[in-house]
Each structure stands twice: as C-alpha cells, then as structure tokens.
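A.B. asks: Residue numbers (our numbering), protein chains in the order written: chain A, 1 to 394; chain B, 1 to 394.
No incorrect hints appear here.
The list cannot tell twin chains apart, which means a pair is met if one copy fits it or any two copies do.
Listed next, the in silico DSS-like pairs over lysine-lysine satisfying Cα-Cα at most 25 Å (straight line):
(1) Lys-160 with Lys-195
(2) Lys-4 with Lys-163
(3) Lys-4 with Lys-252
(4) Lys-315 with Lys-392
(5) Lys-196 with Lys-4
(6) Lys-188 with Lys-163
(7) Lys-196 with Lys-160
(8) Lys-160 with Lys-4
Since the hints were derived computationally from the structure, they do not count as laboratory data.
2 protein chains.
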Amino acid sequence: MEYKFSDRVQSLKPSAIREIFKYAADPTVVSLSAGNPSPDAFPAKEIAEISSRLLSENPIAALQYSVTEGYTPLRNFLTDYMKKKHNVGSTDDDILITSGAQQIMDLASKSILNEGDVVICENPSFIGSLNTFRSYNARLVGVPVESDGINIEKLEEALKNEKRAKFIYTIPNFQNPSGVTMSLQKRKALYELAKKYQVLVIEDNPYGDLRFSGEFLPCIKSLDDEGIVIYSGSFSKVISPGMRVGYAIAPKEIIQKMVVCKQGQDVHTNIWSQLVCHEFLTKYDFDAHLERLREIYKKKANFAMDLLDKHLAPKITYQRIDGGLFIWCDLPEHVDTGKFCMDAVRNKVCVVPGTAFMANETDVTHSFRINFSTPTDEQLQRGIEILGQMAKDL
Amino acid sequence: MEYKFSDRVQSLKPSAIREIFKYAADPTVVSLSAGNPSPDAFPAKEIAEISSRLLSENPIAALQYSVTEGYTPLRNFLTDYMKKKHNVGSTDDDILITSGAQQIMDLASKSILNEGDVVICENPSFIGSLNTFRSYNARLVGVPVESDGINIEKLEEALKNEKRAKFIYTIPNFQNPSGVTMSLQKRKALYELAKKYQVLVIEDNPYGDLRFSGEFLPCIKSLDDEGIVIYSGSFSKVISPGMRVGYAIAPKEIIQKMVVCKQGQDVHTNIWSQLVCHEFLTKYDFDAHLERLREIYKKKANFAMDLLDKHLAPKITYQRIDGGLFIWCDLPEHVDTGKFCMDAVRNKVCVVPGTAFMANETDVTHSFRINFSTPTDEQLQRGIEILGQMAKDL
Chain A
1 MEYKFSDRVQ SLKPSAIREI FKYAADPTVV SLSAGNPSPD AFPAKEIAEI SSRLLSENPI
61 AALQYSVTEG YTPLRNFLTD YMKKKHNVGS TDDDILITSG AQQIMDLASK SILNEGDVVI
121 CENPSFIGSL NTFRSYNARL VGVPVESDGI NIEKLEEALK NEKRAKFIYT IPNFQNPSGV
181 TMSLQKRKAL YELAKKYQVL VIEDNPYGDL RFSGEFLPCI KSLDDEGIVI YSGSFSKVIS
241 PGMRVGYAIA PKEIIQKMVV CKQGQDVHTN IWSQLVCHEF LTKYDFDAHL ERLREIYKKK
301 ANFAMDLLDK HLAPKITYQR IDGGLFIWCD LPEHVDTGKF CMDAVRNKVC VVPGTAFMAN
361 ETDVTHSFRI NFSTPTDEQL QRGIEILGQM AKDL
Chain B
1 MEYKFSDRVQ SLKPSAIREI FKYAADPTVV SLSAGNPSPD AFPAKEIAEI SSRLLSENPI
61 AALQYSVTEG YTPLRNFLTD YMKKKHNVGS TDDDILITSG AQQIMDLASK SILNEGDVVI
121 CENPSFIGSL NTFRSYNARL VGVPVESDGI NIEKLEEALK NEKRAKFIYT IPNFQNPSGV
181 TMSLQKRKAL YELAKKYQVL VIEDNPYGDL RFSGEFLPCI KSLDDEGIVI YSGSFSKVIS
241 PGMRVGYAIA PKEIIQKMVV CKQGQDVHTN IWSQLVCHEF LTKYDFDAHL ERLREIYKKK
301 ANFAMDLLDK HLAPKITYQR IDGGLFIWCD LPEHVDTGKF CMDAVRNKVC VVPGTAFMAN
361 ETDVTHSFRI NFSTPTDEQL QRGIEILGQM AKDL
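Construct all of the structure, not just a fragment, from the sequences and the given hints.
C.D. replies: As structure tokens, this is what we get:
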C-alpha cells in the first residue's frame with residue numbers, strides 16, 4: 001500500500017541534528033548536546049517516599065482515570081503559588097495541567113493556528129516548540145536575539161508586516177539555546193507591542209527557577225492586564241522530566257479550547273505524577289530544593305565557563321549566563337558551523353549546530369550550543385578540551 | 001482582547017452529555033455513565049511493589065527524559081507478545097508507546113488526515129475517538145452496527161461513495177458503546193474491503209482481554225498482509241488508566257510520522273509508567289491477572305444483565321455481551337431518548353444517551369449506554385431499579 005500523509009506532516013523531516021545525535025549515543029563520544037537535568041538534581045528520595053505513601057494509602061486515586069483539566073488540588077495550589085510568588089494569573093485566567101510544557105505548545109497551536117498563520121519567534125529558539133508550530137503548517141518568522149533579548153525594532157517590523165501573526169513565542173529566562181535573559185525593559189516593550197498589534201504571547205519559562213546569578217526579573221505574564229499571554233510552566237527541570245508535568249496559565253476562553261483538544265489527545269496527564277508533584281510542593285520544602293538546584297547548576301555552569309575561557313578563547317567566544325542549562329558559543333564568521341560540529345563529533349565530542357534552532361533552514365548562524373547540566377565534570381573537561389584543540393586549529 | 005480560534009476548534013462544542021455528567025457528580029445520583037475500570041481490578045499491590053523497587057534501585061531511569069518511541073524493553077516485549085499471542089505485527093510494522101490509546105487516534109489523525117477528509121466509523125462509536133477525528137476537521141461517515149458488527153454492505157457503499165475516505169475506525173471487541181463483537185466473517189470482509197479500496201483501518205482494541213464468555217476471535221490486524229491496519233492497544237483497562245500507557249503497532253512509515261508528531265506533542269510517555277508496565281508484564285503472572293479481571297467483570301456483567309432482565313423487560317431491551325464494560329439498551333421507538341435520560345438523572349440515575357455516540361448529531365438512535373464496571377453492586381441494583389420503574393411508565 002502506498003501511504004498518503006497529511007499535508008502538515010509531509011514536509012516534516014527527521015531533523016538534521018538527528019544525524020549528529022546518532023554519534024552521541026556512542027559511549028566514547030562526550031555528549032554536550034543533551035538538555036537533561038543533572039542526575040544530582042532529582043528529589044529522588046522524596047519522590048520514592050511520596051509514591052510509596054500514595055500507592056499504599058490510596059492507590060486507586062493514583063491509578064484511576066482523572067479529569068482533563070488536571071488534579072484540582074494541584075491546580076489550586078499552583079494558581080495561588082504563581083500569583084503570590086510571581087504575580088502570574090488573574091481572575092480572567094484559568095490553569096490546565098499538561099503532559100509537559102511541550103503539550104502546551106501543541107494545544108495552543110491546535111487551538112489557535114490555521115495553516116499558513118504566522119508564529120513570530122526568537123531566532124534562534126527551542127527546536128521542540130518550533131517543530132510543533134511547523135507541524136500545524138505555521139510559518140515561522142524569526143526575530144534576532146541580542147545580548148538582552150529579542151530585537152524590539154525588528155519585532156515591531158515583523159508584527160507590522162505579518163498580518164497573519166497569531167502569537168509571539170518567547171523564552172525570556174536563560175533562553176534555549178542562546179542562554180540570553182530578556183531585560184525588564186524589553187519584556188515591557190514586547191508586551192506593549194503584543195497589545196498594540198493584538199497578537200498573543202506564549203511565554204515559555206522552564207528555566208526561570210534556575211537563576212544562579214543576577215537579579216530576578218518579572219514574568220511577562222505578570223504585566224498581563226489584557227489577557228494576551230499564555231504562560232507555560234514546567235516541572236521538568238525542577239522535579240522530573242520523565243513525569244511529564246507542565247501547566248498553562250492563560251485566559252479562560254483559551255484554556256477551554258485547550259482542554260477540549262487535550263481531551264482528544266491524552267484524556268488527562270498521568271495522575272500519579274500529578275499527585276507526586278502536589279505532595280512534593282505542599283509537604284516538602286520546595287524553596288530549599290530550588291536553592292539546592294541553583295547551587296548545583298551554578299557550580300556546573302561556572303566550571304564550564306572557566307573551561308571555555310581557558311580553552312576556547314579568543315577564537316570561540318560566548319556570552320556568560322545567569323541561569324538555565326545552556327551556553328551558546330560563537331565561531332569566527334569564516335567557519336562553516338555544520339562542518340565544525342561534524343568534525344567535533346569525529347573528535348569525540350558532540351555539540352548542537354546553531355542551524356538546528358533557526359526559524360528557517362536558510363537563516364545563517366555561526367554558533368553552536370553546549371549543555372553543561374547532563375555531563376559529569378570529567379566529561380565537560382574532556383569535551384571542552386577537545387573543542388579547545390579544534391579552536392586552535394581554526 | 002477578542003480571541004480568534006482555529007477553524008478546527010471553532011466548531012468543537014462542549015459535548016451535549018456534559019450537561020448530564022454534571023448531575024453525575026451529585027453523590028445522591030447513581031452513575032451508570034462512566035467507563036472506569038472497577039476499583040477491584042487494579043493490580044495495586046504489585047504496582048506499589050514495582051514502583052518502590054524502581055524508585056529505590058534506579059530512580060533516575062524512572063524520572064529522567066526518555067525517547068519518543070518508548071522504553072525499548074517494553075517495545076520489544078510487546079512486539080514479541082502480540083506476535084505470539086495474537087499474530088499481530090510483522091517485520092514491516094513498528095511499535096510506538098503512547099500516552100494512552102487516545103493519543104494513537106490523535107497521532108494517526110494528525111499524520112494522515114487533511115481537513116475535509118473522511119473517517120468511516122461504526123455508528124454508534126466511541127465519542128472520544130470521534131471527537132479527535134472532528135478536531136482535525138474530518139467528516140465522519142457512520143455505518144450502522146448490527147448484532148454481529150458493522151453492516152458490510154453499507155460499509156462498501158460508504159467506501160464507494162467517499163473518495164476522501166482515509167480510514168475505517170473500528171472497535172471489533174465489545175464495542176463502546178454498543179457492546180457488540182464483530183464476527184470473524186465480518187472481520188475478514190472489512191479487511192478485504194479496506195484492501196480493495198486502499199483505505200487504512202484503525203483497529204481499537206482496549207477491551208479485547210476482557211472477554212468473559214464466547215470464543216476468542218482473531219484481531220483484524222492478524223489478517224494484515226498488506227500493511228493497512230493500525231492496531232491500537234491499551235493498558236488502561238488491564239493495568240491502570242491513570243498511567244496513560246497505550247501502544248500502536250502499524251506500518252513503519254506510519255509509525256515514523258506518528259513519532260515526529262508525538263515528539264512535538266509530549267516528547268515521550270511518562271517513563272515511570274512504562275517501566276511499571278514492563279515489570280508487571282515480565283515479572284508477574286499477567287495471564288493470571290487477566291483471568292482475575294475476567295472473573296470480576298463476568299460477575300458484574302451477569303449481575304447487571306440479570307437486573308436488566310428482571311426490571312427493564314419487555315419495554316427496554318438489550319443485547320447480551322461477552323466482554324467489555326458496557327451494555328446498550330434500546331428504548332421503544334416512540335420514546336424521546338434525550339428526554340428519557342434527563343428524566344433518569346432527575347430520578348437519580350445517570351446513563352448516557354445514545355446520541356452522544358453518533359457520527360452526526362442528527363443521526364437517530366433510541367438507545368442509551370450503561371456501564372457496570374464502575375458502580376458497586378448496590379449502586380447497580382438501585383440504578384437499574386429506578387430505570388425499571390421508568391420503563392413501566394413508558
């Protein structure tokens with residue numbers, strides 16, 4: 001039989017970085033290409049305790065069907081917590097528990113995008129989200145990221161030109177892949193532009209709690225007095241990604257549509273995981289846990305940045321980061337990034353070429369992404385030393 | 001801000017049965033409207049044991065990011081198991097672990113359906129799947145279900161007329177909601193027609209292991225020598241629905257597209273749940289567990305059918321079932337089904353009007369669905385007695 005696929009998936013190709021990731025599976029290759037939390041960062045003991053309690057005291061609650069909107073006590077807790085801690089959410093908003101933040105991108109896209117609609121995104125941006133937008137046949141319009149966040153003039157230009165723009169997708173804190181944090185001024189400017197052009201904002205904030213230096217900056221959603229921001233939160237980096245628990249805080253009307261789509265997508269999010277998150281947030285010291293994570297990542301990030309300073313400078317440069325899991329390294333302009341990354345993998349270190357994160361295949365970048373949370377210190381050292389040797393030869 | 005939603009969700013309305021379900025939440029109302037496994041049917045002790053072992057021996061494996069395709073040992077086990085036990089799957093097929101079988105409907109739809117394409121389904125059929133197809137703006141064409149399954153002549157008529165038919169959606173065993181099991185002859189005829197018209201089949205089999213009487217019948221997928229059947233399996237009815245673990249066995253090319261869509265939808269299925277299912281399937285006596293479930297449901301189904309015989313005959317009739325969780329009751333033709341179900345809920349028993357399960361809102365039905373797996377025996381007795389009183393007054 002000859003299979004006929006939908007128009008929307010016919011153009012989706014296995015991504016170019018897959019080829020490189022194949023090498024990353026080789027145990028002799030140091031992988032700096034992942035985005036996994038550090039194995040030290042899991043509250044494994046606490047999760048084991050909670051799970052054991054749940055499954056002995058009231059197993060059916062953890063194993064039976066549940067409601068699409070999410071476990072009500074978890075929704076209520078998060079609504080209060082996000083309001084008090086971040087001024088995120090209003091009485092016009094509602095909250096939906098999702099199967100990871102990735103599902104928020106899918107449900108928002110499904111609810112809002114028609115084929116050919118435009119998503120304005122930072123360039124570079126998180127490939128997972130970009131691929132979701134692409135899977136609904138959206139057209140991506142990339143706006144350059146500067147050292148303090150998205151270029152506001154070019155954002156306005158895009159909003160002016162793109163009549164079919166439906167939302168602006170942004171990761172304001174420790175952006176994946178660039179590591180950049182958007183300044184307060186730019187957060188306000190982005191919000192005002194979204195309001196002026198009546199375009200929704202998806203604020204994706206998986207790393208917000210992982211700030212280990214610099215000053216806390218308010219979420220764009222905390223400025224939202226008009227109901228134009230869909231806030232995307234996640235427990236993947238602060239509790240466990242394998243559990244797949246995220247949450248969207250957004251205007252009620254939008255959440256309603258997302259709930260209908262989620263009903264048809266997975267009925268509800270794994271309820272055991274929702275119960276575990278709720279217990280961990282309410283019966284343990286979550287703030288102390290976050291503090292511990294910040295210490296872990298601060299140490300690892302500084303270790304990585306010291307190695308970069310020592311081995312990669314001056315030919316390969318990077319911008320220091322204040323949080324998150326990624327560092328964005330810039331090659332000299334004459335270097336072919338794709339070739340450099342392929343050479344790196346042959347030299348037994350795997351990094352992700354910047355092209356993977358661009359809104360359009362033809363967008364030029366001279367950067368690559370490294371991750372410091374997954375590898376051990378020894379692996380980081382070995383990997384960056386190899387890159388350093390390659391830098392010398394450029 | 002005035003929200004503009006996508007064309008595909010603009011027409012999706014909260015379903016008509018939601019109004020009735022609101023009453024079902026009232027604790028004084030006996031709900032025969034759910035579809036949950038019986039609380040007795042969970043291997044709760046075993047899951048607690050497995051989980052405790054997993055989370056103490058290798059917690060990171062149960063909590064870290066995993067691969068989109070699913071946990072490899074679980075995929076390998078299921079591939080062998082389904083081949084040996086049901087002759088399901090060939091070397092041209094692949095397997096994908098999903099977040100419940102519901103996600104199979106979404107991923108298959110997303111991969112295959114363009115807006116306006118046709119899905120041919122049994123009429124009535126499972127509302128959850130129908131709504132997923134609708135959410136991709138598919139047009140549903142319903143083919144009547146008879147006592148031995150779909151009407152084959154009308155199926156061929158539909159295949160002949162509907163040039164945009166992309167797949168036939170069928171639940172051959174103990175269909176939800178009709179309780180009907182498709183005969184072997186009709187399974188073969190359906191497969192031959194699908195082949196003749198080169199239309200894919202989605203075979204949804206959540207209840208197959210819950211046969212408590214009659215003879216086992218082979219899956220349609222076991223006939224599939226041409227790669228036209230997408231088999232949908234689920235652990236929701238035999239281990240735990242709250243875990244959200246299902247699996248699709250389908251031609252490799254189709255699975256590849258579904259994997260790309262899943263990557264953008266939830267990255268992967270909760271990995272703790274996948275590990276738990278794998279351990280339960282491989283280290284415990286799964287067959288003995290299924291035997292225990294069949295005993296539970298046989299007892300409950302016979303109890304319910306005895307009550308129906310006693311209280312509802314002769315005005316309300318039904319077809320005896322050999323498995324599954326549902327019984328389909330037929331009202332006299334002069335009775336308004338919607339009104340009857342609303343009256344029932346006012347009398348403190350909640351059943352689902354057949355209209356909820358029809359391919360098109362205007363399709364006529366004189367039936368309602370009752371579920372016997374969720375209520376206690378006392379609730380079943382009380383609920384059916386109330387319906388019996390109403391039957392007398394018809």
